[in-house]
Amino acid sequence: MIKSSALLTKSEKCYFYTNIAEVFRDSLIIRKAPGLSLQNAAFPQKHMREIKTGKKNSYHIRRDSIMELTVRQDGSQARFVIKGDIDEPGAENLKSRFRDLDVSSLMEVSFDFKEVTHIGSAGIGKLLLFYKDLALNGGTISIQNVSPSVYELFNVLKLDTIFSILRA
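Under numbering that gives the first Met the number 0, the residue at position 119 of the sequence shown is numbered 118, and the numbers go up by one with no gaps.
Derived from the structure by calculation, the hints contain no laboratory data.
A few of these clues could be false.
Label-pair restraints from in silico Cβ distances [unchecked claim]:
(1) PRO147 <-> SER120: 13 to 21 Å
(2) SER104 <-> SER148: 29 to 37 Å
(3) HIS117 <-> ARG96: 14 to 22 Å
(4) THR69 <-> LEU127: 30 to 38 Å
(5) GLY74 <-> ALA134: 33 to 41 Å
(6) GLN72 <-> VAL155: 26 to 34 Å
(7) GLY74 <-> ALA121: 27 to 35 Å
(8) LEU127 <-> GLU151: 12 to 20 Å
(9) SER103 <-> SER148: 18 to 26 Å
(10) GLU151 <-> ARG98: 25 to 33 Å
(11) SER103 <-> GLU151: 33 to 41 Å
(12) LYS82 <-> ILE123: 14 to 22 Å
The calculated EDC-like cross-link candidates involving lysine to aspartate or glutamate, where the alpha carbons are at most 20 Å apart (straight line), are [claimed, not checked]:
(13) LYS113 <-> GLU67
(14) LYS113 <-> ASP99
(15) LYS113 <-> ASP159
(16) LYS131 <-> GLU91
(17) LYS94 <-> ASP73
(18) LYS82 <-> ASP101
(19) LYS157 <-> ASP99
(20) LYS82 <-> ASP132
(21) LYS82 <-> ASP111
(22) LYS131 <-> ASP159
(23) LYS94 <-> ASP111
(24) LYS94 <-> ASP84
(25) LYS131 <-> GLU107
(26) LYS131 <-> ASP101
(27) LYS131 <-> ASP99
(28) LYS94 <-> GLU67
(29) LYS94 <-> ASP132
(30) LYS113 <-> ASP132
(31) LYS94 <-> GLU107
Ideal Cβ placement from N, Cα and C applies to all residues, glycine included.
With the hints as extra help, turn the sequences into a complete structure.
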């Protein structure tokens, strides 16, 4: 996550702000001027790698995942309220929180996707895993407040035949 540009030199700041090549969901691709160092940049070096596109001085910076999750279980019902994108670390968090529930007594699990703009394959895999566990006892999953882009993805993957999906 790019927190601040305070650690960039003046020439790096200027180049950084004027040469952002692409912003894409969870990444930022920048081009570095020859001779400038990104060692003192405001983003962690471990989140940067050179892109294998044949473009010299191109770097890929992954935005850190920050997904907030609130879970409530009331008898046979559970509700997950998710804020942020569901990427791989977020999916593992979902799985961990689901495992903390008393799955044997659950009949209905609802997910509120009001503040979810992206879900990756790991997140979709976890939803299917939850469905498998719930279906053994006749339970169901509903996903509410789904953004148009996530709804389209669910539709293409035919997940609307498995889950009850309601648009935002």
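Each hint tested on the structure:
| no. | hint | verdict |
| --- | --- | --- |
| 1 | PRO147 <-> SER120: 13 to 21 Å | 19 Å, holds |
| 2 | SER104 <-> SER148: 29 to 37 Å | 34 Å, holds |
| 3 | HIS117 <-> ARG96: 14 to 22 Å | 19 Å, holds |
| 4 | THR69 <-> LEU127: 30 to 38 Å | 22 Å, violated |
| 5 | GLY74 <-> ALA134: 33 to 41 Å | 19 Å, violated |
| 6 | GLN72 <-> VAL155: 26 to 34 Å | 31 Å, holds |
| 7 | GLY74 <-> ALA121: 27 to 35 Å | 29 Å, holds |
| 8 | LEU127 <-> GLU151: 12 to 20 Å | 18 Å, holds |
| 9 | SER103 <-> SER148: 18 to 26 Å | 35 Å, violated |
| 10 | GLU151 <-> ARG98: 25 to 33 Å | 30 Å, holds |
| 11 | SER103 <-> GLU151: 33 to 41 Å | 34 Å, holds |
| 12 | LYS82 <-> ILE123: 14 to 22 Å | 18 Å, holds |
| 13 | LYS113 <-> GLU67 | 12 Å, holds |
| 14 | LYS113 <-> ASP99 | 23 Å, violated |
| 15 | LYS113 <-> ASP159 | 17 Å, holds |
| 16 | LYS131 <-> GLU91 | 17 Å, holds |
| 17 | LYS94 <-> ASP73 | 19 Å, holds |
| 18 | LYS82 <-> ASP101 | 23 Å, violated |
| 19 | LYS157 <-> ASP99 | 28 Å, violated |
| 20 | LYS82 <-> ASP132 | 24 Å, violated |
| 21 | LYS82 <-> ASP111 | 9 Å, holds |
| 22 | LYS131 <-> ASP159 | 15 Å, holds |
| 23 | LYS94 <-> ASP111 | 16 Å, holds |
| 24 | LYS94 <-> ASP84 | 15 Å, holds |
| 25 | LYS131 <-> GLU107 | 13 Å, holds |
| 26 | LYS131 <-> ASP101 | 15 Å, holds |
| 27 | LYS131 <-> ASP99 | 16 Å, holds |
| 28 | LYS94 <-> GLU67 | 14 Å, holds |
| 29 | LYS94 <-> ASP132 | 12 Å, holds |
| 30 | LYS113 <-> ASP132 | 24 Å, violated |
| 31 | LYS94 <-> GLU107 | 16 Å, holds |
Of the hints listed earlier, those the structure fails to meet are numbers 4, 5, 9, 14, 18, 19, 20, 30, in rising order.
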